[in-house]
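Chains A and B supply the protein sequences, listed in that same order.
When you line the first sequence up against numbering that gives the first Met the number 0, it's residues 0 to 212, in that order.
When you line the second sequence up against numbering that gives the first Met the number 0, it's residues 0 to 443, in that order.
Please note: incorrect hints may appear among the correct ones.
A short, non-exhaustive set of chain B residues, derived as facing chain A with CB atoms under 8 Å [to be verified]: (1) Asp9; (2) Leu38; (3) Ser309.
In short, the hints are calculated from the structure, not lab data.
C-beta: ideal position from N, C-alpha, C; glycine also.
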Amino acid sequence: MGEEELYQLVKGCLKDDRLSQKLLYKAYYGFAMGICLRYAANRYEASEIMNQGFYKVFKNLTKYDITKPFKAWLGRIMVNTSIDYYRSNLKIAYTEELDKAEHINDTDFADRNLNYNELLDMISQLPRAYRTIFNLFAIEGYTHEEIGGMLNISIGTSKSNLHKAREKLKIMITESNKTPGQTNKQVNDNIVPINHTKHTDLSISFVNNVTKR
Amino acid sequence: MKEEKENSIDKLFSHGLSEPGDDNASYREEDWDAMEAMLDGKKPKGVTRTLILLVSTIAAMLLLVIGWLFLNPASKPDKTTQVVKKTAPVQKDSGKYGPPVQQLADLKSNTLSANDSSAMSAGDMSRKSKSFFTLSAVPGGRKITGFDTYGANPSYITKTPDTIVTGKTTGNMVGNATKHDTVINGSTITNYAKVDTIITGKSAVMASNRADTIKKRELVSVMDDVRPNKKPAKSHRSSGGSTMAFKPTLALSFVASPDVNSVKGFSQNKVGTNAGLLLTMGVSRKWSITTGAIYADKPYLTDFANYATSYKFNTNPQSVSASCIVLDIPINVGYQVYNKGVNKFSLGTGLSSYFMLRENYTFNYAGEYPGGPATYNIRNRNQHIMGILNLNVTYQREISSKFGVAVQPYYKVPLTGIGYGQVNLKSAGVAVGVTWNINPGTKP
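Can you build the whole structure from these sequences, using the hints too?
Below is the structure:
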């Protein structure tokens, strides 16, 4: 999208023009969804987060500095909305066994030929806390100090959760090499819900982890 | 070394997830619908509030009218009582066919006749039982209990009244009184009605009375009281001296109509459909107020030049096809220009409010590959309060006292731009409807 077109759309959105809003939404849908999918457990959740993010965009468009890249501003809002979503879903607490992670050999994973969907599938299988921290650190590039501040956790918790997230991902990658198509079954089996409910989306409470330690 | 390995996993995901796949991140219309619902979060409530307000107003108006009709029956009862009082002494002068005074006295307790009115005014009685005679002092206008005293004015009498006696019948007089017939007594004496009554007593009693002061008298049964009739109303008027107050009428109509919608002239027409309910209140003999709700589908096609949008199209579309679902709330005033027999003609005008429930626009481009959006759909976005002028002519024909049919050619001219495109959307059509007279109002 050209700058002039973006400028026209933003101008229309500022006037609360629905057509401009829709076109802006459509134009940045893929980009925003790409971010939200990484933080969400599934596509449905991702679209919910994305819409919440766009709602903030439309309502706070007056705060947007037109001289700065729109994509970066939008991306930041999507990440922040994902974090808000994570915070609002902290109530469900789960514990997890990570014994298997200790046995994974350190290998170079960068050259693994995994496509977008496979990677997204793996990341979405992570417990919500691990997924959020892994996203913020590994993909967004935030430091543990920043993550600690964002999620209201200690730096140590952030580090340990990142480590666990990586370990789990390693298991998944290794498993995916062994049995393609059944990447994460074993990993899922490792997650034991406290309340014995069968949720596909499993969150790990930081509080629980701290208590365990 | 370990850190490098960890970095490698970060890199794998960072690079691999930088470009979202087509399957998951491709645009889905339902997501926008959810987004739009979120943006319109307060709008539907607004519409609901408006509708609730409108329905409440109509309900309040109905209550007021009904309350006024039933709790304040104007001056009728007073006049009734007055005449009833006159009838009492007359009965003592029992005429040729009248019952003996003694017999009347014996039967007073269980005889259904005007004599009982001496104890209870006919007005009261009619209100309580709604089954027996009512009486009006208005010449040619209202009902009179009983009969004239025969012989007192013999020129009026051409036929003796009949009496049906059901000697064995016993029971509540009011309950039995629901059975009675009415016959207009001959063509030469139109002001007399013969009343056959079923009397729960030992003998039949002919109730008769005399209204000396009334030169032209009229006896009408209760049955006529519940039946709207225009002809007696006319005779009432012709007899002169009408002092009867007008009662508001109330009618509910179901209307449906096809109409043509056009933005500029009527060169590019599209046919829409309408259906709804209308409530008409007659506020005087000639004037009425109509309101209600009409659900309308208004499609139209217009050149893009007639369509206003703040969005800057890369390539302007040639034309715009629209399909709008509209809730039309009219408030019209009608003036009756003709009323003869069962046919009525009236002229009407007023203002309509359009609640644009759904607006679907399709942009038609000249080229095969459009440089702009193909469609645009919005919901509950625009309301045009009192933004449309209504002009109509109504022909109404009564099928019965309660029901009628109506045909109404109409024309709707917008006073403001309609919908997202702010178009000058005109509609012309012919509505066909069925009318139910909830309260037919003025009676003879």
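* To do: Tell me, in ascending order, the numbers of any earlier hints that this structure violates.
  => none
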